[in-house]
Amino acid sequence: MVPFILGGGRNIVDWLDIMLREAGHDVERIYLPHVDSPELLFRQMAAYRWVDLASSTDLIVTFRPPAHLIPHPRKVIWFIHHIRAFYDLWNTAYAKSPDTLVHRGIRDALHAADTAALKEARAVFTNSQVVADRLRRFNDIEGEVLYPPIYRPERFRFGSLGNEIASVSRIVRHKRPGLLIDALRFTRTDVKLHLYGASDSSSHATELRRRFKDAGVDDKVTIDDRWISEEEKASVLADCLALAYVPLDEDSYGYPTLEAAHASKPTLTTTDSGGVLEFVEDGVTGLVVEPRPEALAAAMDRLFMEREATRRLGEAARARIDEMRITWPHVLDRLLA
Amino acid sequence: MKVLIVNNMVPFSWGGAEELAVHLEAALIKAGHEAEVLRIPFQTDPWMRIPSQMLLVHALELHNVDRVIALKFPAYLIRHPQKTLWLLHQYRQAYDLSDAGMSDIHLGKQAADLRRVIATADEEAFRSSRRIFVISEITQARLAKNNRVDAEVLRPPLNNPELFGGGTSDGYVFAGGRINAMKRQHLLVEALASTPGTVRLVIAGPPDAPKDGERLRRLVESHDLSHRVTLDLRFLPRRELAEYVNHATAVACLPYDEDSLSYVAMEASAAGKPLITTSDSGGVLGLARHLETAWVAAPDAASLAEGLSRLGTESSASLRMGAAARELWTSMELTWPDSVERLLA
Amino acid sequence: MRLLIFSPMTAASAIGRASGLVARSLIDQGHDVVVVRSEDLLHLDTTPRDLGVPVIRWDDEPEVQKAVRSADAVVYHVGDNYDLHRGCLEWLPRCPGIVCLHDYFLGDLFLRWAHGDRPRAISVLRSWYGDQVAGRYFSFEKPAAFVQNTAATAPMTEWVVAMANGVITHSSWGIARVLRACAGPVRVVPLPYDAPNVTPLSSPSEAAARDGLTVLTVGHVNANKRAESVIRAIGESERLRAGAVYRLIGKVDPAVEAQLAALAQRLGVSLSISGEVNDAELREALDGADIVCCLRLPALEAASASAIEAMLYGKAVIVMDTGFFHEIPGEYVLKVAPATEIPDIRRHLEHLQADPAGRAALGGRAADWAARTFRAETYAQHLAQLAVEVAAAAPALEATRYFAETLVRWGATEPFIPTADLVGPLRIFEA
Numbered sequence: 000m001v002p003f004i005l006g007g008g009r010n011i012v013d014w015l016d017i018m019l020r021e022a023g024h025d026v027e028r029i030y031l032p033h034v035d036s037p038e039l040l041f042r043q044m045a046a047y048r049w050v051d052l053a054s055s056t057d058l059i060v061t062f063r064p065p066a067h068l069i070p071h072p073r074k075v076i077w078f079i080h081h082i083r084a085f086y087d088l089w090n091t092a093y094a095k096s097p098d099t100l101v102h103r104g105i106r107d108a109l110h111a112a113d114t115a116a117l118k119e120a121r122a123v124f125t126n127s128q129v130v131a132d133r134l135r136r137f138n139d140i141e142g143e144v145l146y147p148p149i150y151r152p153e154r155f156r157f158g159s160l161g162n163e164i165a166s167v168s169r170i171v172r173h174k175r176p177g178l179l180i181d182a183l184r185f186t187r188t189d190v191k192l193h194l195y196g197a198s199d200s201s202s203h204a205t206e207l208r209r210r211f212k213d214a215g216v217d218d219k220v221t222i223d224d225r226w227i228s229e230e231e232k233a234s235v236l237a238d239c240l241a242l243a244y245v246p247l248d249e250d251s252y253g254y255p256t257l258e259a260a261h262a263s264k265p266t267l268t269t270t271d272s273g274g275v276l277e278f279v280e281d282g283v284t285g286l287v288v289e290p291r292p293e294a295l296a297a298a299m300d301r302l303f304m305e306r307e308a309t310r311r312l313g314e315a316a317r318a319r320i321d322e323m324r325i326t327w328p329h330v331l332d333r334l335l336a
Numbered sequence: 000m001k002v003l004i005v006n007n008m009v010p011f012s013w014g015g016a017e018e019l020a021v022h023l024e025a026a027l028i029k030a031g032h033e034a035e036v037l038r039i040p041f042q043t044d045p046w047m048r049i050p051s052q053m054l055l056v057h058a059l060e061l062h063n064v065d066r067v068i069a070l071k072f073p074a075y076l077i078r079h080p081q082k083t084l085w086l087l088h089q090y091r092q093a094y095d096l097s098d099a100g101m102s103d104i105h106l107g108k109q110a111a112d113l114r115r116v117i118a119t120a121d122e123e124a125f126r127s128s129r130r131i132f133v134i135s136e137i138t139q140a141r142l143a144k145n146n147r148v149d150a151e152v153l154r155p156p157l158n159n160p161e162l163f164g165g166g167t168s169d170g171y172v173f174a175g176g177r178i179n180a181m182k183r184q185h186l187l188v189e190a191l192a193s194t195p196g197t198v199r200l201v202i203a204g205p206p207d208a209p210k211d212g213e214r215l216r217r218l219v220e221s222h223d224l225s226h227r228v229t230l231d232l233r234f235l236p237r238r239e240l241a242e243y244v245n246h247a248t249a250v251a252c253l254p255y256d257e258d259s260l261s262y263v264a265m266e267a268s269a270a271g272k273p274l275i276t277t278s279d280s281g282g283v284l285g286l287a288r289h290l291e292t293a294w295v296a297a298p299d300a301a302s303l304a305e306g307l308s309r310l311g312t313e314s315s316a317s318l319r320m321g322a323a324a325r326e327l328w329t330s331m332e333l334t335w336p337d338s339v340e341r342l343l344a
Numbered sequence: 000m001r002l003l004i005f006s007p008m009t010a011a012s013a014i015g016r017a018s019g020l021v022a023r024s025l026i027d028q029g030h031d032v033v034v035v036r037s038e039d040l041l042h043l044d045t046t047p048r049d050l051g052v053p054v055i056r057w058d059d060e061p062e063v064q065k066a067v068r069s070a071d072a073v074v075y076h077v078g079d080n081y082d083l084h085r086g087c088l089e090w091l092p093r094c095p096g097i098v099c100l101h102d103y104f105l106g107d108l109f110l111r112w113a114h115g116d117r118p119r120a121i122s123v124l125r126s127w128y129g130d131q132v133a134g135r136y137f138s139f140e141k142p143a144a145f146v147q148n149t150a151a152t153a154p155m156t157e158w159v160v161a162m163a164n165g166v167i168t169h170s171s172w173g174i175a176r177v178l179r180a181c182a183g184p185v186r187v188v189p190l191p192y193d194a195p196n197v198t199p200l201s202s203p204s205e206a207a208a209r210d211g212l213t214v215l216t217v218g219h220v221n222a223n224k225r226a227e228s229v230i231r232a233i234g235e236s237e238r239l240r241a242g243a244v245y246r247l248i249g250k251v252d253p254a255v256e257a258q259l260a261a262l263a264q265r266l267g268v269s270l271s272i273s274g275e276v277n278d279a280e281l282r283e284a285l286d287g288a289d290i291v292c293c294l295r296l297p298a299l300e301a302a303s304a305s306a307i308e309a310m311l312y313g314k315a316v317i318v319m320d321t322g323f324f325h326e327i328p329g330e331y332v333l334k335v336a337p338a339t340e341i342p343d344i345r346r347h348l349e350h351l352q353a354d355p356a357g358r359a360a361l362g363g364r365a366a367d368w369a370a371r372t373f374r375a376e377t378y379a380q381h382l383a384q385l386a387v388e389v390a391a392a393a394p395a396l397e398a399t400r401y402f403a404e405t406l407v408r409w410g411a412t413e414p415f416i417p418t419a420d421l422v423g424p425l426r427i428f429e430a
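Protein chains in written order, with numbering that gives the first Met the number 0: chain A, 0 to 336; chain B, 0 to 344; chain C, 0 to 430.
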């Protein structure tokens with residue numbers, strides 16, 4: 000972990016802690032720091048190897064790397080991602096490491112150590128099919144997909160089918176809010192878009208606002224550039240038309256998708272959204288279209304016009320949660336098996 | 000400022016250091032900073048595992064942190080350019096207790112090596128720290144003797160002082176805190192056997208090991224004291240603990256050679272309760288002054304029995320000493336805002 | 000890949016000649032090479048071999064730093080000679096890389112290095128060989144006694160290879176110590192060598208037609224080279240006394256020279272001692288020799304350049320059946336057992352004297368085999384492959400060294416460090 004940064008990885012840990020306690024177990028959460036630096040990688044990995052919990056705990060569950068290196072006779076790994084710069088992002092613009100012999104050596108050594116640590120585990124789970132595929136491809140390890148449920152899902156319920164498509168996620172570039180705004184130039188109905196979420200910089204939100212002013216769609220879009228409370232989020236999802244969630248190549252289906260489904264609302268996404276497609280099936284639990292404004296606009300109109308069908312998509316999304324066993328009892332059952 | 004409090008942890012074990020860390024975190028946040036506690040696992044058994052535990056801490060990398068406040072060995076070996084230490088204690092097994100034959104680090108070449116390694120690493124960490132605070136004069140003296148380091152004393156303030164407002168006596172002597180042989184609750188039970196029947200005792204807290212609780216229960220039974228001793232052997236929420244303190248006639252606290260003032264003694268004083276302690280209790284004597292704020296007994300049952308008799312039922316003496324204890328505590332002016340200010344200075 | 004190679008480059012160094020061949024092959028195979036001269040300061044001003052690559056001096060701190068930063072792999076050619084390899088010792092601890100280990104005995108290198116810091120040297124000795132060996136190590140006055148007494152117990156191989164991330168050595172006889180001390184990958188690859196202008200100056204038939212028999216030994220004349228044994232073997236044989244000349248080429252102390260000359264005279268052996276010669280003279284001497292004796296006791300080298308060179312020249316070679324020489328297949332050389340040294344030498348010499356055709360055939364087989372075996376191309380390929388393996392081993396080795404250094408800084412002594420509690424969990428990093 001990095002101190003003072005709260006991310007998805009920490010949420011799932013905190014929630015699992017609560018669920019395990021409710022099931023009557025004693026739980027300790029241990030967050031250890033990790034700095035992303037190739038030169039310091041193995042020193043830090045060694046430090047994790049020396050974490051000794053064997054005599055004080057019956058079972059450990061590890062999440063983000065390099066926590067899976069912690070040895071334990073009963074180690075369960077819930078694998079969320081690799082150190083991606085040395086895996087799927089190797090040799091891409093996102094990788095910090097130059098493709099030199101030295102860095103290839105670090106990559107090969109990391110792969111070998113990761114594989115060995117994964118093999119020590121009693122069980123390896125992943126949070127998505129995408130990550131499970133990577134584990135198979137890079138480490139030759141079969142991970143069981145164990146989808147992380149959201150916290151207290153009963154908070155999300157169906158209220159009404161409104162006229163606004165909601166987007167509930169941080170307003171950052173790779174979630175592509177701009178793409179959604181551009182789509183509204185091509186809608187032909189009165190469908191509206193409402194973006195909720197804190198932006199990573201105020202300039203980004205300003206730029207977005209200018210973008211929809213320029214596009215002449217400011218009567219169709221509202222931006223709430225702030226962190227919204229859990230209660231507010233539940234009420235937004237209860238009464239929206241559908242959720243729009245169009246990240247670029249996400250690892251997992253994303254909590255917004257799941258929250259919408261719990262509220263029996265479908266998700267509109269794009270063909271390049273990655274893990275989101277594990278949950279959203281076109282015409283079944285939502286709509287999946289090309290990542291072009293025109294295609295998104297047509298889908299938005301369709302959700303707005305064909306309300307019966309939209310309602311059915313939402314119901315199917317709700318049912319999909321149970322089909323995919325995205326529930327805490329299932330999670331506890333598998334982790335403790 | 001982003002302040003990381005660095006502490007060690009043993010899973011499922013919670014004590015004074017853990018409390019200090021969370022209260023410091025809360026006080027920092029209250030003062031307008033961002034704060035988090037980093038708890039690094041520390042396994043000392045077998046003792047030859049200690050070097051790996053030291054290297055573990057030393058190898059961890061911090062980023063996105065402006066200031067570190069480290070509380071314990073080996074947590075303070077963490078590397079950070081802006082590191083302040085607030086030491087509860089060193090790894091005493093490597094220093095003073097070995098002289099007294101109580102160390103689990105025995106003789107032999109490897110043990111000698113380990114002790115040298117601990118001392119050298121300690122001194123390296125001390126040199127690389129901004130400032131070094133210790134929680135008591137005793138720790139200060141040990142640091143001066145063992146490592147020739149000049150540390151400032153910064154006593155930890157009371158956690159949740161608002162809970163310990165005092166109150167009317169329900170007629171019992173209260174002994175709270177962890178239950179183990181070092182804290183000598185058994186001595187209290189033995190002493191109680193030779194005091195008038197009007198004196199009652201309440202012992203409340205989590206036993207370190209099941210056998211520690213069992214031992215007390217058997218002792219109470221064998222002295223036939225069940226009607227005069229209440230054993231509430233579990234981890235108590237702060238509120239319940241405060242209730243016990245606030246309605247006690249006096250508070251007993253008998254650690255062996257305690258480093259600090261001891262939270263038990265601090266809470267009792269804040270609540271205006273006289274103390275019953277022993278002359279070998281170390282830091283507790285900072286608050287327990289014989290016949291002024293406390294009964295300081297010799298560390299034996301007979302002497303303690305006299306203290307229990309004198310202070311175990313409410314009297315003008317017990318009330319006077321209780322008031323004096325509160326006055327002494329208040330005069331020390333230990334508050335969280337002041338502590339935060341000094342730690343970040 | 001970009002390789003930075005530390006090696007002596009003076010013409011006087013056989014290792015420099017071998018490393019030069021490797022460097023040229025690496026370039027032919029498409030790699031970039033920069034050479035750092037490793038000679039001690041007094042020897043750095045000699046003219047280097049011309050390899051057509053950039054050459055920098057080890058004491059040029061900024062240039063070496065720069066080269067290290069841009070290199071994919073750093074290679075150190077290490078042999079038992081401080082004058083020639085000091086630069087390796089200066090940089091290896093700072094920039095661990097691949098060690099090409101030319102000698103399994105590094106006592107002289109260590110002695111000179113130890114001169115600068117005796118306590119540090121003693122602590123190195125203690126950690127590898129124990130208190131007893133460390134206590135005696137500096138007590139031998141004569142070089143021969145020093146070698147005799149330390150070669151088996153404290154050859155110092157471990158000291159150098161422990162600093163390496165990977166090792167190439169040239170024979171297997173001393174490999175156990177390398178494997179014990181180097182946590183990175185280790186390979187055995189034949190030492191590359193060449194025979195410039197191997198087209199003989201004179202043909203075998205001419206040589207056979209020559210009067211008499213020339214027996215040659217090349218290298219620093221000392222007890223380890225067994226010249227005395229060869230003189231005695233010739234001296235015992237009437238036919239050899241009558242027909243053979245024994246020639247010694249290489250550095251020689253006047254005292255040793257006088258002693259050998261007196262012995263030869265007493266036994267009636269024709270002895271010619273030439274001292275140091277240049278490359279052309281050496282080639283001529285090799286060409287003019289009928290038999291080359293490469294006898295060593297005890298064995299110290301990972302491979303003997305002079306034996307390889309003699310084979311490449313198509314000479315009949317007599318070797319001691321120890322170390323590197325033991326690993327040469329029997330059909331290419333004649334071997335001398337240490338226990339029956341002089342009779343064996345005499346027997347082989349007499350046999351070769353009597354059978355010029357067999358002598359030529361043996362030399363021919365040896366030349367053919369040596370040319371196939373001791374190839375720079377092969378060595379360069381292995382080096383490049385090892386560099387890839389070393390890159391993957393380096394991260395864990397770096398971490399391990401960092402922790403060991405931290406513990407030493409904290410005052411830990413040697414046996415304390417590799418405890419199971421410390422090392423056990425890190426075994427996962429061993430590929």
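Check before you lean on any hint, since a few could be wrong.
Some chain C residues near chain B, calculated using beta-carbon distances under 10 Å [as the list claims (entries may be wrong)]:
id : residue
1  : 195
2  : 398
3  : 424
Since the hints were made in silico from the structure, they are not lab data.
Note that the Cβ used here is the ideal one computed from N, Cα and C, for glycine as well.
Quick rundown of the hints versus the structure:
| no. | hint | result |
| --- | --- | --- |
| 1 | 195 | violated (53 Å) |
| 2 | 398 | holds (8 Å) |
| 3 | 424 | holds (7 Å) |
This entry does not satisfy hint 1, going by the numbered hints stated previously; all others are met.
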